[in-house]
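Asker: Take a look at the letters that make up each chain.
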Amino acid sequence: MSHTVDIPQSIKDSLRKFRFARRNEGSAAIVIKINKQKLIMEEVEQFDNISIEELAEELPENSPRYVVLSHALVHPDGRTSFPLVLINWAPPSSEIGLLTLHASALLNFQTTADVSKVIEIREGPEGLTSDVVNSYLLGK
Amino acid sequence: MPEVFNISQTPITAHAFNADRSQLAVSFNSNDAQILARQGSEWISTETLAEHDKVITSIDWAPNSNQIVTASQDRNAYVWQQTPDQETGKIVWKPTLVLLRINRAATHVRWSPKEDKFAVASGARAIAICSFDPENNWWVSKLLKKPIRSTVLAVDWHPNNVLLAAGSADMKARVFSAYIKEIDERPAATVWGSKLPFNTICGEFASAAGGWVHSVGFSPSGNVLAFASHDSSISVAYPGGPVHHIRMPTLPLVTLTWASEDTIVAAGHDCQPLVFSGSEAGWQEIGTLDNGSYGSGSKVGPGSVGRLKTGAFATFRDADSRGQTSSGTTDTKLNTIHQNTITSLRPYAGSPGQITQVSTTGVDGKLVIWDIASVSALTGRMAAMSM
Numbered sequence: 001m002s003h004t005v006d007i008p009q010s011i012k013d014s015l016r017k018f019r020f021a022r023r024n025e026g027s028a029a030i031v032i033k034i035n036k037q038k039l040i041m042e043e044v045e046q047f048d049n050i051s052i053e054e055l056a057e058e059l060p061e062n063s064p065r066y067v068v069l070s071h072a073l074v075h076p077d078g079r080t081s082f083p084l085v086l087i088n089w090a091p092p093s094s095e096i097g098l099l100t101l102h103a104s105a106l107l108n109f110q111t112t113a114d115v116s117k118v119i120e121i122r123e124g125p126e127g128l129t130s131d132v133v134n135s136y137l138l139g140k
Numbered sequence: 001m002p003e004v005f006n007i008s009q010t011p012i013t014a015h016a017f018n019a020d021r022s023q024l025a026v027s028f029n030s031n032d033a034q035i036l037a038r039q040g041s042e043w044i045s046t047e048t049l050a051e052h053d054k055v056i057t058s059i060d061w062a063p064n065s066n067q068i069v070t071a072s073q074d075r076n077a078y079v080w081q082q083t084p085d086q087e088t089g090k091i092v093w094k095p096t097l098v099l100l101r102i103n104r105a106a107t108h109v110r111w112s113p114k115e116d117k118f119a120v121a122s123g124a125r126a127i128a129i130c131s132f133d134p135e136n137n138w139w140v141s142k143l144l145k146k147p148i149r150s151t152v153l154a155v156d157w158h159p160n161n162v163l164l165a166a167g168s169a170d171m172k173a174r175v176f177s178a179y180i181k182e183i184d185e186r187p188a189a190t191v192w193g194s195k196l197p198f199n200t201i202c203g204e205f206a207s208a209a210g211g212w213v214h215s216v217g218f219s220p221s222g223n224v225l226a227f228a229s230h231d232s233s234i235s236v237a238y239p240g241g242p243v244h245h246i247r248m249p250t251l252p253l254v255t256l257t258w259a260s261e262d263t264i265v266a267a268g269h270d271c272q273p274l275v276f277s278g279s280e281a282g283w284q285e286i287g288t289l290d291n292g293s294y295g296s297g298s299k300v301g302p303g304s305v306g307r308l309k310t311g312a313f314a315t316f317r318d319a320d321s322r323g324q325t326s327s328g329t330t331d332t333k334l335n336t337i338h339q340n341t342i343t344s345l346r347p348y349a350g351s352p353g354q355i356t357q358v359s360t361t362g363v364d365g366k367l368v369i370w371d372i373a374s375v376s377a378l379t380g381r382m383a384a385m386s387m
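Protein sequence lines, in the order shown, are assigned to chains C and Y.
Take the first sequence: its letters are residues 1 to 140, numbered as in full-length UniProt numbering.
Take the second sequence: its letters are residues 1 to 387, numbered as in full-length UniProt numbering.
Just chain C, with the same shape it has in the complex:
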């Protein structure tokens, strides 16, 4: 199957390492962007033990990003688990061409990262809060 954006092996390795890293406290995230000129994915940065609100501040307001989040989820019965969730960060003020490219490559990225849960954040920083993430994960 042909893909619009290539995922280099280094990204796949980073994703695997991120997935299997042992989590003790807090939420960790890895942020990936698309390089429009070269049509490949690139890792932007990784965060350890960051809150969702801080993550919303760090993400750019005018560019789409893929964020693989390992979220510290507290279940109603007291257990803590660390599910992986993919956040499709797509603020409306992003450049249209990049937004379309981002949308076309999402499915491919999702299968490569092997993450089943996807949250779409299309409003910018107001839409990404811990409540949104928790209710999505607990509801599923």
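It should be emphasised that the hints constitute simulated quantities derived from the structure, not laboratory data.
We treat Cβ as the ideally placed atom computed from N, Cα and C, and that holds for glycine.
The reader is advised that the hints may include incorrect statements.
[Said to hold, decoys possible] Calculated Cβ distances over 10 Å to all of chain C for the following chain Y residues:
| hint | residue |
| --- | --- |
| 1 | Ser30 |
| 2 | Gln86 |
| 3 | Val92 |
| 4 | Pro113 |
| 5 | Glu115 |
| 6 | Glu261 |
| 7 | His269 |
| 8 | Gly306 |
| 9 | Thr332 |
| 10 | Lys333 |
[Unchecked claim] Calculated cross-link-like contacts (lysine-lysine; reagent style DSS-like; alpha-carbon spacing at most 27 Å):
| hint | chain 1 | residue 1 | chain 2 | residue 2 |
| --- | --- | --- | --- | --- |
| 11 | C | Lys36 | Y | Lys181 |
| 12 | C | Lys33 | C | Lys17 |
| 13 | C | Lys33 | Y | Lys181 |
| 14 | Y | Lys146 | Y | Lys195 |
| 15 | Y | Lys94 | C | Lys36 |
| 16 | Y | Lys181 | Y | Lys114 |
| 17 | C | Lys12 | C | Lys117 |
| 18 | Y | Lys146 | Y | Lys114 |
| 19 | C | Lys17 | C | Lys36 |
[Stated by the list, open to error] From chain Y, some residues computed to sit far from chain C (all C-beta separations above 12 Å):
| hint | residue |
| --- | --- |
| 20 | Asn6 |
| 21 | Ser221 |
| 22 | Pro239 |
| 23 | Arg307 |
| 24 | Gln357 |
Knowing the structure of chain C, use the given hints to seat chain Y on it.
Answerer: Relative to chain C, chain Y alone:
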């Protein structure tokens, strides 16, 4: 003596000069903007900027970066830059679309003092603050929405590049913080407040009797805000201090600018620029820049207001009770230079804190450049009341 140029037979919706005043960007109430170049005492059209689908409502020319921004009723704004054309090599103006994400017409646009942002007022009850995103090579816009309840009619930037004054049809003049994280550094504290995230309201003012706020302006220092409302008044607001209202018995003013820290020049439906002066202690009208001797109309001047003194009623009453027949066509001509509403008044010459000349354009298609120093007292009308 004011310099008068009859540049068009159609109304001039907006005008903006370039840095050395040798070129003028105008909109003649149409979808295109014209660039006129000065040749002696004439303005010759050199280029047409055609990209908008509806009437261009406002134009601003950034003096340092030499970019023009046009805003239109088609809900878009374009930023124009001079680049060499691909085929001919001539320098032409190339447009870049800015997606404002508003769903109503744009009404007013102004570059910020540093020319890295511009603000677009719109009928969508929002102001779009647009900045350039170098990562994606395009202009992004952020909307200021709360608590605007109606069309925004005018905007003006504070000298610190962060605060923005906006006058709206919901009868309020407001000061917003238009701080963009990627572009601005944290501004120093001002009389309007400190630590101001985007969309903070730093002040909200209304005039004495209410009325659409047609024009707003910060003083050269940025510490005072003046606005003109449709209740024929000018209000001067000192944050944390008094708000002075100057109410006039004449027609409303729709555009104003500060000439210096204690002088405001404003114009509107009376077709002549008026000068106001004052300080925190109080403000008053001191006169007009058009003393009536430049125009060539009859005595139907600014002194006669009211439906019984002008027009058809007066003509027939004079013919009946005084036996005076109408004196040809001169009594339809005003004795001011502008024959119709002045819609735009902008600084023309002088340094930012001491403007010496202003330029006005209006519905009559004239461009006039006035000398602020030649103020004459207003005759034939009541002295302005100030509170």
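Asker: Decide, hint by hint, whether the structure agrees.
Answerer: Results for each hint:
no.	hint	result
1	Ser30	holds (28 Å)
2	Gln86	holds (21 Å)
3	Val92	holds (24 Å)
4	Pro113	holds (23 Å)
5	Glu115	holds (19 Å)
6	Glu261	holds (37 Å)
7	His269	holds (39 Å)
8	Gly306	holds (51 Å)
9	Thr332	holds (51 Å)
10	Lys333	holds (51 Å)
11	C:Lys36 / Y:Lys181	holds (24 Å)
12	C:Lys33 / C:Lys17	holds (18 Å)
13	C:Lys33 / Y:Lys181	holds (20 Å)
14	Y:Lys146 / Y:Lys195	holds (18 Å)
15	Y:Lys94 / C:Lys36	holds (24 Å)
16	Y:Lys181 / Y:Lys114	holds (15 Å)
17	C:Lys12 / C:Lys117	holds (18 Å)
18	Y:Lys146 / Y:Lys114	holds (25 Å)
19	C:Lys17 / C:Lys36	holds (25 Å)
20	Asn6	holds (43 Å)
21	Ser221	holds (32 Å)
22	Pro239	holds (29 Å)
23	Arg307	holds (51 Å)
24	Gln357	holds (40 Å)
Consistency with the previously given hints is maintained throughout, with no hint failing.
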